[in-house]
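Residue numbers (the numbering used here), protein chains in the order written: chain A, 16 to 409; chain B, 37 to 291.
Careful, some of the hints might be misleading.
What the hints assert, rightly or not - Pairs of lysine-lysine residues, derived as PhoX-like cross-links and limited to a Cα-Cα distance of at most 25 Å, are as follows: (1) Lys-114/B - Lys-173/B; (2) Lys-183/B - Lys-384/A; (3) Lys-384/A - Lys-114/B; (4) Lys-63/B - Lys-114/B; (5) Lys-180/B - Lys-195/B; (6) Lys-63/B - Lys-92/B.
Worth flagging that the hints you see were computed from the coordinates, not collected in a lab.
Each chain, letter by letter, is given below.
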Amino acid sequence: MRLLGKELRTLFREPMVVLTIIMPFIVYSSMAPFYGSLAEQTREAQRLEGVNVALSLCRVDDATRLLVSAMGSHLASGGVNVTIVDSCSALELLRKGYNVVLVLNGSLMPGRSASMAVYVKGSLGRFAKTLALPSVVSGHFSRLIAERQGARVNTTSYIYLNGRLYSFPELNSLFGSVMMLSYSSFFILFPAASMGAALIGAEREERMFEVLLSLPIRRRSIAFSKAAAAVIVALLTTASAMAGIYVVTGHAGIMELKLSRYYGPGELGLYAAALVSEALFVVMLAMTVGLFATTIRGAQSAAVIAVLPAIIPPMSLMAGLPLSYKTALLPYMAILYTGLSPIIGRGYAAASTAAQFIEALAAAALFIKVLESETAVTGPETLRRLLARLRRRR
Amino acid sequence: MDVIVSVKELVKTYPGGTVALRGVSLKVYRGEVYGLVGPNGAGKTTAFRIIATLLKPTRGSVVVDGVDVVSDPLEARKRIAYVPEEVGGYRRLTGLEYIRFIVSSFLSASGREELVDSVVEEAAELTGLSMSVLSGKRMGEYSKGMKRRVQVAWALAVKPRLAILDEPTTGLDVEASYELRELIRDYARSRGVTVMLSSHNMFEVETVCDRVGLIRGGVLMEEGRPAEIVERFNARSLEDAYMRILASRGRSSPQ
Ligand SMILES: Nc1ncnc2c1ncn2[C@@H]1O[C@H](COP(=O)(O)OP(=O)(O)OP(=O)(O)O)[C@@H](O)[C@H]1O
Ligand SMILES: [Mg+2]
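Using the sequences and the hints, build the whole thing.
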């Protein structure tokens with residue numbers, strides 16, 4: 016018991032340990048708004064709330080026309096805005112302001128067959144709703160048709176996004192690629208931040224920081240050499256992870272094939288630049304935080320702080336990403352916008368990546384500034400004092 | 037005589053509020069070995085860190101070889117070799133790799149790259165360690181004494197204008213501290229390297245240092261040649277004089 020007391024005190028009096036305890040709560044609770052928005056959009060989609068549906072009749076027989084108007088009024092009585100139009104041109108209707116256009120072709124009479132094409136006007140800002148709507152709409156109608164023991168209906172879905180029409184599976188798989196690019200960025204970000212912080216922690220643990228700082232070396236060189244070493248190791252880790260995935264996904268390399276369908280050399284180059292700039296950014300932040308730790312382990316656990324915000328962009332894509340340059344210029348966004356470039360063009364990705372490089376340089380300037388100050392020597396001591404004072408105030 | 041270190045009215049208050057130095061002034065001349073002695077917490081390490089550009093003074097100034105350490109730290113660092121109190125060493129580097137890294141960083145900053153090889157060789161010799169240890173083992177495997185030898189060796193071999201050695205012999209065995217003292221006295225003196233060191237060993241200070249400053253509670257209380265101080269207090273040795281000074285002005289430190 017006495018020994019346990021000593022061990023617990025050892026752990027709890029290390030600020031970085033306290034941080035690792037608090038961090039998961041902060042991270043998960045910071046995701047709450049995203050999950051909230053996801054859930055809300057899905058509910059909206061389920062109820063077809065705020066959706067203008069056009070039931071577009073294209074080459075149908077009179078009986079079908081009657082049936083469809085009955086279904087339309089059924090939906091309308093449920094509170095959905097439904098308009099029945101005679102047209103085969105879904106795009107025209109979408110441009111007119113309908114959010115969902117359902118084009119029926121053929122006959123819904125028993126024994127006959129029809130095709131139903133669902134067109135949804137999508138938006139990146141309500142992406143969860145966009146992806147949910149096609150199945151909700153086709154589900155509704157298939158049920159109504161089935162209740163009337165109608166025809167076999169062949170359904171296809173399309174999403175009209177940013178001036179282009181995508182088949183639902185196509186957009187879904189593109190979306191999967193974007194998410195994959197976003198998440199695989201962690202392969203580089205985590206090791207980069209953790210290696211960078213370790214290089215700072217090691218200086219202190221090996222009692223070498225004072226010697227290093229007293230040498231006639233520019234702080235800039237210290238910062239960029241450590242960052243470069245960390246990024247190089249992180250790139251090797253990434254390469255190893257990719258090779259591992261390649262082995263797992265088998266001979267053909269499923270991932271590769273998919274990527275090259277959406278991303279040309281230009282996009283992949285942008286992706287590499289986005290990755291490197293973001294890695295550089297997190298390394299600089301992680302090293303700055305690492306200045307306040309006394310050990311390698313302490314510095315590494317604190318480095319997580321620098322990487323965790325990178326979860327937010329993919330989360331925000333699922334919930335709804337405002338398509339604006341203002342958002343694109345924020346840190347951690349470059350990888351996501353690069354992933355999205357097949358949909359939104361390369362402009363955002365280029366701007367976002369350029370901004371990320373500038374942010375990395377700003378983070379480097381911050382690190383160098385702290386390195387130049389005496390905090391580089393007294394960092395852990397200062398942090399301990401600060402925490403002690405906070406504890407006393409409470 | 038040329039003044040190499042000029043410390044004026046140095047005051048240092050740490051962020052927590054501890055006042056470590058309360059207006060210390062001193063001068064160290066070219067080629068001198070200057071010893072700073074005083075009880076634990078007196079402010080020796082703080083003074084050295086300020087001179088070595090690692091801490092910023094709250095007030096006062098430090099000029100090393102004509103360079104203000106606060107306004108031009110990079111230029112000052114080209115002139116100063118600093119060996120901190122806590123001995124360290126990069127665990128994954130061999131002693132020789134370490135020496136080469138430090139020596140080349142130090143010399144290339146002042147455009148003396150061509151000297152690197154010969155200085156590395158010289159430093160390796162000064163460590164007194166065998167080549168099998170220096171190039172065969174990583175510093176993670178070195179004892180404290182071995183690390184200390186490596187540190188002091190490079191700091192002298194690069195022939196800086198000023199070598200700062202914070203408690204260079206603390207924790208060393210009798211033989212090692214004897215050799216280190218010889219090294220400081222003979223090598224530094226013959227190469228014109230000015231040395232500032234601190235120590236808790238009065239015998240060491242008496243035999244190695246040309247002049248001694250006695251600091252307590254951040255105040256420089258006495259200064260002079262060891263023999264002068266011994267005489268001034270009518271003492272048998274420097275240790276005796278030290279005890280008398282502390283006794284005459286109250287034992288406890290003013291914090
Ligand atoms: N990083 C720091 N933050 C706050 N106070 C400090 C810090 N480092 C030292 N001090 C305080 O400054 C005072 C002087 O310490 P310093 O290390 O300079 O003494 P010293 O003479 O080198 O002692 P020793 O002989 O034990 O090495 C002490 O009271 C110490 O507690
Ligand atoms: Mg000390």
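Hints, one by one, checked against the model:
A distance of roughly 29 Å separates the Cα atoms of Lys-114/B and Lys-173/B; the hinted pair therefore is violated under the 25 Å criterion. For the given pair, Lys-183/B sits about 31 Å from Lys-384/A by alpha-carbon distance, which is inconsistent with the 25 Å threshold. For a cut-off of 25 Å, the pair hint linking Lys-384/A to Lys-114/B stands: about 20 Å separates their Cα positions. Taking the CA atoms of Lys-63/B and Lys-114/B, the gap is about 20 Å. The hint holds against a cut of 25 Å.
Between Lys-180/B and Lys-195/B, the direct Cα distance comes to roughly 24 Å. Compliance with the 25 Å bound is thereby established for this hinted pair. Of the supplied pair hints, the one linking Lys-63/B and Lys-92/B holds, its CA atoms being roughly 19 Å apart against a limit of 25 Å.
In this structure, the hints that do not hold are numbers 1 and 2, in rising order.
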